[in-house]
Amino acid sequence: MQDVALYLPGILTAYAAFLLGIASPGPNVLSVMGTSMSVGRGSGMALAMGVAIGSFTWAVLTVLGLSALLAAYASALLVIKVLGGVYLLWLAYKAFRSAAARHDIEAKELAGGRRTKLGYLRRGYIIQMTNPKAALSWIAIISLGLQDGAPFWVGAVIVLGTFILSVILHLIYAIAFSTDVMVRFYGKARRGIQAVLGTFFALAGLRLLTSRS
Numbered sequence: 005m006q007d008v009a010l011y012l013p014g015i016l017t018a019y020a021a022f023l024l025g026i027a028s029p030g031p032n033v034l035s036v037m038g039t040s041m042s043v044g045r046g047s048g049m050a051l052a053m054g055v056a057i058g059s060f061t062w063a064v065l066t067v068l069g070l071s072a073l074l075a076a077y078a079s080a081l082l083v084i085k086v087l088g089g090v091y092l093l094w095l096a097y098k099a100f101r102s103a104a105a106r107h108d109i110e111a112k113e114l115a116g117g118r119r120t121k122l123g124y125l126r127r128g129y130i131i132q133m134t135n136p137k138a139a140l141s142w143i144a145i146i147s148l149g150l151q152d153g154a155p156f157w158v159g160a161v162i163v164l165g166t167f168i169l170s171v172i173l174h175l176i177y178a179i180a181f182s183t184d185v186m187v188r189f190y191g192k193a194r195r196g197i198q199a200v201l202g203t204f205f206a207l208a209g210l211r212l213l214t215s216r217s
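Be aware that the sequence shown starts at 5, since it is given in this note's numbering, and climbs by one per residue.
Worth flagging that the hints you see were computed from the coordinates, not collected in a lab. Please note that a few of the clues may not be correct.
Stated by the list, open to error - Each computed DSSO-like pair below joins lysine-lysine, with the alpha-carbon atoms no more than 27 Å apart:
#1 K137 x K192
#2 K192 x K121
#3 K98 x K137
To be verified - Cβ pair distances, simulated, as ranges:
#4 I172 x P13: 39 to 47 Å
#5 K121 x R211: 35 to 43 Å
#6 A199 x G69: 27 to 35 Å
Predicted model only: the values in this text are computed from it and were never measured. Glycine included, each C-beta is placed from N, C-alpha and C at the ideal position.
Turn these sequences into a full structure, and let the hints steer you where they fit.
Written out as structure tokens, the structure is:
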């Protein structure tokens, strides 16, 4: 129980960073929205599952890679946290800039024509796995949850928890945004969401940069 109490704050912080990242519409979220609106709910849900599986893949690769690196070089945690902290501050800057902008989100149908459900699932996976920012995002998220000497189960809890959250939230996007009413509503709330996101990422980035463990 003492171990759980020790690592729980970091795990919850990692979850919070992941949740707010999904709340900001990136290419994966916009693709799910656009597919649900233009093709249908079922296709959007298939695409959402592909994105969630891709997110899970990135999480597993990041945890295994960081665990191996830390096992070989204990001092590498400091470098990883600095990289994660700087990236979170960059995300904060982008979120604040987006909050100040007046343009609305643009959810469009995927290029390349209609696909089968399996085709949309595959496409969602490809979208997530070829996102160049995904690796840095996961380094930042995992770094928030890992402490020096953290056991393997901490990384496993972060990976499994974020995967469950990813499936649920991306499916919610697919279901909710099968009508353009929700897209308009989300567009109106976008600036407030980005402001909250920017504040959290700025605080999380500073937390990583000033952390001693």
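Cross-check of the supplied hints:
1. K137 x K192: With Cα atoms ~26 Å apart, K137 and K192 stay inside 27 Å; holds.
2. K192 x K121: Distance ~31 Å between K192 and K121 Cα, so the pair is violated.
3. K98 x K137: holds (13 Å)
4. I172 x P13: 39 to 47 Å: The hinted range 39 to 47 Å is violated for I172 and P13, with Cβ atoms some 23 Å apart.
5. K121 x R211: 35 to 43 Å: Between K121 and R211, where Cβ atoms are some 41 Å apart, the hint holds.
6. A199 x G69: 27 to 35 Å: For A199 and G69 the Cβ distance comes to about 33 Å; the hint holds.
Checked against the numbered hints above, the structure violates hints 2, 4; every other hint is satisfied.
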